[in-house]
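Chains A and B are the protein sequences, given in the same order.
Sequential numbering from 88 applies to the first sequence in the numbering used here.
Sequential numbering from 53 applies to the second sequence in the numbering used here.
Derived from the structure by calculation, the hints contain no laboratory data.
Note that CB positions come from ideal geometry on N, CA and C, so glycine has one too.
It is possible that part of the hints are untrue.
[Unchecked claim] Derived lysine to aspartate or glutamate pairs resembling DMTMM-like cross-links, with alpha carbons at most 20 Å apart:
hint: 1; chain 1: B; residue 1: K55; chain 2: B; residue 2: E116
hint: 2; chain 1: B; residue 1: K106; chain 2: B; residue 2: E260
hint: 3; chain 1: B; residue 1: K115; chain 2: B; residue 2: E75
hint: 4; chain 1: B; residue 1: K150; chain 2: A; residue 2: D182
hint: 5; chain 1: B; residue 1: K124; chain 2: A; residue 2: E324
hint: 6; chain 1: A; residue 1: K270; chain 2: A; residue 2: E324
hint: 7; chain 1: B; residue 1: K159; chain 2: B; residue 2: E177
hint: 8; chain 1: B; residue 1: K104; chain 2: A; residue 2: E324
hint: 9; chain 1: B; residue 1: K159; chain 2: B; residue 2: E127
[Said to hold, decoys possible] Okay, the calculated bits of chain B under chain A, using three or more residues with CB under 8 Å as the criterion:
hint: 10; region: 119–126
hint: 11; region: 146–153
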Amino acid sequence: MIQQKKSSKANLIFILGLLVLIFVLEQVIPSSSMLLTVIKKSAIYALAAVSMNLLNGFTGLFSLGQAGFMLIGAYVYGILNIPVADRAAVYQYFDGGVIQFSIVDGLQGVLGSAVGLILGVLLSLIIAGLVAGVFAYLIGLPVLRFRGDYLAVATLGFAEIIRAFFQWDVLGPVTNGSNLLRKFANLDDFNIVSGGRVAVHLSTTVLVLIVVACILVITLIINSTYGRAFKAIRDDEVAAEAMGINLARHKMLSFVISAFFAGVAGGLLAMYQTTVQAMPFKTAMTYEILLIVVIGGIGSVTGSCISAFIFVGASEWWLRFLDMEKYNIGGLNILRPGFRKVVFSVAIMIIVLFFRKGIMGESELNIAGLGRWLKRVFTKKKAAPAAAEEGKNHG
Amino acid sequence: MLKIENLEVAYGGIQALRGISLEVPDGKIVTLIGANGAGKSTTLRTISGLVKAKSGSVQYDGKELLGLPSNKILEAGIAQIPEGRRVFPNLTVLENLKVGAYLRSDKAEIEKDIKWVYELFPRLEERHWQLAGTLSGGEQQMLAVGRGLMSRPKMMMLDEPSLGLAPLVVQDIFSIIREINRQGVTILLVEQNANMALKTADTAYVLETGVITKSGTGLELLNDESIKEAYLGKTRT
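Produce the entire structure from the sequences given, and follow the hints as far as they go.
Structure below.
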């Protein structure tokens, strides 16, 4: 118990250190840097992956609806935050739309621009999550009676239905049909501007802070009695029921919590992209998130976070050179647009074939544990020659 | 006291129980023996609410249990140790025990009960951090019993605790069952190992294709010629 407390303290210090590092990085390097882009996008994907992991890894419900719930979150965030003055321009085909208020703008008018922005964004993210949760509850009523692959197919179908639903013309006055939503409060609004240029960059730090807070909450849920009940259901439904765990209720709970955080991730994605459209929230997005979960280790929160960074970094940045013909060396003409995807697929196949349990398996990255492990590795190296010496003496 | 009257259970068209009646008095060990498919497990699963009955009644201390969901039945004080142990393989031993106390919220009492289970099964304390899936069969059975005790039941139903265990381990398990009973928990035991079960039980019922054909004290049935022939392996002379 004492050791557990100590190690969670070490983890908290590590996370704080990481936040400080990101804050410093953001001030030092130019804001158009690829590193910051990757940090932002991977933070959002990490949250989406952890929320998926809660369902797939910890409750054992194989669901593929994540992109649908992210879309709901993104739309809700966007719809609620377009300034009233800009609505006529954004909803140009729908006479300015039916919703004529903006949470962030409204709060800024009452509370001042800084407090209004923070509270407004937090409030709209929570609403985005709640709406996604309500949709999840309604979808869950019929769908959660399925198990295994059937559940995956059903949720996948519902995610696609949601996407089509939001693009429906009749809903245009609310969702703007298949047109872009834009001009809502985004991450750059958090930067502190003075005299026409940015004095303190905060866009990345704020995003990462929100993601860290959400993942901490998910971790607390996983370690609570509810989390244990989820894991029990994953391991053995019959035994879990014999322990008095209400299967239907807990599956629904896990499904709704997962959708809530997927919705928040969707809202953050909207902030990051500065525009929202239903098109990119296809099944491909769910698969990307699933891939992150699998590569990180099904049932490992830290694994999902690490693999989100590696996945986004590789697909957006480190493997970019594979697409560029100018990097071809010595007459070999294999690098060309699209080649990155080939390499990526091969890498994924290698991971699936040889690292079945992903990077972390089911264990978590633990700073104290990492320290002990490093210590063991180093003392072993020192101890080995000493032991050999001793052996000789005895001989 | 648990009182079952004219209980009938059917799976689709197949009648698993054809109106059985039996009683489990408080503080006793009662066993239900019979061949495969006689309806022993069905009886337990019906009592704990995992299977719906067709007709009849199951009363515990005068309260009707039929139709209640399984968590209510557990709250009434009846815990079931399912057949084949069914521990949660990817949870640690300690987590398994905590899941057993799922319906309780009194933290201090739960800690006390974990200590109690560790006293009954010192082996579990040694391995409390291990994943339950890595335990041996005997240890898993101990864990399953310990997990059942964590709901602090007044009555515990065990479904074939000897399944797949070495004879020596089976004796250990049965001596612990007697110990648990001595500490005041009523036991309803379903067994294929008739010899062991009859020696342990105060009262025994013999179940054949959904009907109770014989009942008596454990010792009576142990000496019954027809029982010896059918279940205890006595050859005709």
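Against the structure, the hints come out as follows:
no.	hint	in the structure
1	B:K55 to B:E116	10 Å, holds
2	B:K106 to B:E260	19 Å, holds
3	B:K115 to B:E75	14 Å, holds
4	B:K150 to A:D182	58 Å, violated
5	B:K124 to A:E324	17 Å, holds
6	A:K270 to A:E324	48 Å, violated
7	B:K159 to B:E177	19 Å, holds
8	B:K104 to A:E324	17 Å, holds
9	B:K159 to B:E127	17 Å, holds
10	119–126	holds (count 4)
11	146–153	holds (count 4)
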